[in-house]
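Protein chains in written order, with the working numbering: chain A, 1 to 273; chain B, 1 to 358.
Simulated from the structure, these hints should not be mistaken for laboratory data.
Hints may be right or wrong, so weigh each one.
[Claimed, not checked] Anything over 12 Å on all C-beta distances counts as not near chain A; from chain B, calculated:
1. VAL87
2. ARG163
3. LEU246
4. PRO280
[Claimed, not checked] Computed footprint of chain A on chain B, listed as stretches where at least three residues anywhere in the stretch have a Cβ under 8 Å from a Cβ of chain A:
5. 229 to 239
6. 287 to 295
7. 347 to 353
All values derive from a computational prediction rather than experimental measurement.
Where is the CB? At the ideal position from N, CA and C, for every residue including glycine.
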Amino acid sequence: MRNRAAVFALTGPGLVFLGFSLLAPIALLVASSFRSGDAWTVAPYVSTLSKSVFRIAALRTLRVGLIVTAATAFLSYPTAYYVSKLPARRRAVLMSLALFPLMTTAVVRTFGWFVILSRQGILNRVLEAIGWVDRPVQFLYTEGAIVLGLTHLFFPLMLLSLISAMENIPPDVEEAARSLGARPLRAFARVVFPLSADGLVVGGTLVFTGCITAYTTPAILGGTRVLTLATLLQQRAMTLLDWETATVVAVVLLALATVVNLALRRLRVRGVS
Amino acid sequence: MRAFRKRVPCVLVVVGLLMMGWGLVLDAQEPPKPSQLVVSTWGFNTELLEENLAKAFEAETGIRVVFDFGDNSPRLVRLIANRDAPVVDVVTFAPNFAAQALSAGVLQPINTVNISNLADIVEWAQDPLGGHYGIGYTVQILKLAYRTDKIAPPVTSWRDFFRPELAGRITIPDLNTTYGPATLFSTAKAWGGSLDNLETGWQKLGELIESGALLTAYRRSSEAISLFEQDEIWLCPIPSFSWPSLAALNLPLAWVRPASDYWEGMVASLNTLSVVKGTPNAYWAEKFIDFWLSVETQTQMALDKVDAPANTKVVLPDDLRMSFGLDEDISTAVFYDPAFVVANLEEWLDRWNEMIAQ
Chain A
1 MRNRAAVFAL TGPGLVFLGF SLLAPIALLV ASSFRSGDAW TVAPYVSTLS KSVFRIAALR
61 TLRVGLIVTA ATAFLSYPTA YYVSKLPARR RAVLMSLALF PLMTTAVVRT FGWFVILSRQ
121 GILNRVLEAI GWVDRPVQFL YTEGAIVLGL THLFFPLMLL SLISAMENIP PDVEEAARSL
181 GARPLRAFAR VVFPLSADGL VVGGTLVFTG CITAYTTPAI LGGTRVLTLA TLLQQRAMTL
241 LDWETATVVA VVLLALATVV NLALRRLRVR GVS
Chain B
1 MRAFRKRVPC VLVVVGLLMM GWGLVLDAQE PPKPSQLVVS TWGFNTELLE ENLAKAFEAE
61 TGIRVVFDFG DNSPRLVRLI ANRDAPVVDV VTFAPNFAAQ ALSAGVLQPI NTVNISNLAD
121 IVEWAQDPLG GHYGIGYTVQ ILKLAYRTDK IAPPVTSWRD FFRPELAGRI TIPDLNTTYG
181 PATLFSTAKA WGGSLDNLET GWQKLGELIE SGALLTAYRR SSEAISLFEQ DEIWLCPIPS
241 FSWPSLAALN LPLAWVRPAS DYWEGMVASL NTLSVVKGTP NAYWAEKFID FWLSVETQTQ
301 MALDKVDAPA NTKVVLPDDL RMSFGLDEDI STAVFYDPAF VVANLEEWLD RWNEMIAQ
């Protein structure tokens, strides 16, 4: 009884805050997406989902989110594995370095890519110098540019999530696998990877959610021709003051993030079992 | 004689009392001064706005001016959200957003009795929204900027956007920007269409997109300037407030009036000053507007390259007039009806998104 009271006293304020700041707004958002004027209706969904530009933006958003999540996981795993094996002091230094880009705003980092990927940028100059191209290539305003920018942006989040998970894997578990004849890659796949699945779920959720809701990077690197749901939402809300469509798009984004999180958790359960 | 001496002081007292009473009446016409006025406008040249507007107005009236900076749409959204208890007194908008603000009911008519400078304002800027809901305080001219070292022969027309050698080197304003609809209208007119028949414009813009000629449609003029700087584009329509920044890149650029605009006049746009509906400081808001329209303020803003003047009494050096696009005959300026744009914008935007989305 006393324990219960103590738990409630400690968690209560946080839960109340979460309720007001997270759950209530989400509930209001979902409810208002079924409103048109004073009527409860699915008309906003029918109107929005029937537009081909919505379907194009939705598929692109999902595709970019999955690619970036996979890319950050692929790039982060070796790095996280190496860092997690280091002595505590060196590990702390490298984790600080991994956090360092997060201290710069996404706008600045994205404009950095804008300059790098432009026709006068360093990427084109290197390609011309080594003879791979004989004239500058247009890298900007493509889906690839958005993927590159978002991968750079969210790499630290995946890396830190995986490092945190791998730090908690007892070192003798992997050693035991090897002593039983498992090669390093098999030991990683059958022991380290499943035990770090929590980190992949957290990192994957953070990266995917961040990608599908990102506005600045797709707007700067993708422009108006490579639409995502976030840029479409901005257009409908801020230009047309079309809050019905904007609300529907927001709910779709929320649903996508939830589905991917559930899918990752399911994969984690299967991996562990 | 004694009677006269008795009457003189009485007359003087009566006259004095009458004058005091008249003073009280005059003071009663002027409402109490607020401690501050809130002005919603764009966040460009903020130091010059503080200097030329806020500090100067405070020095004259004792009223502090506080700015609410932002783009058109978030500022309009805030006005609508606060419509029952407005926190802004004066607002500036591009014409499409002014028309949206008007239809949203967040503007109130200006009492032109309080605008002593109104008669000096160029005629088409005095009441651009109708009903005195706004006054134009600056004019923007839309012309074509291009790299003179990359394009030959020189650009003279909206039709030049279709030159094959310019493929991938062109940007135009996105349709949901201030000059997006003007680009559609001008393209239509350049190819034989009209405001009543925009299909030609849609068709030609579609060809521009499908051929790969269009790199992107820019949302902000700063984006177009960056694209010029990065050598991504060589040609785009750009308004006069952006030309000084573009010229400062020191690239070989020209900014020309397209030939097709000679048919019916030069594309121009006004930014408007309005009073927010329900403000308790309407009188002083109108005084601030009057201050902004004065020849002194308009001259200083022009000399500082902030805004082209709408006050006809402003005298500028020739090179400055050219940089504002005012070297052309401003009387030929064509202002597209913002109400027409707002009424059709949702349908146009849906069609535009279908065309431009890859």
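Point to revise | Numbers of unmet hints, in rising order | key: Of the numbered hints, just 6 does not hold.
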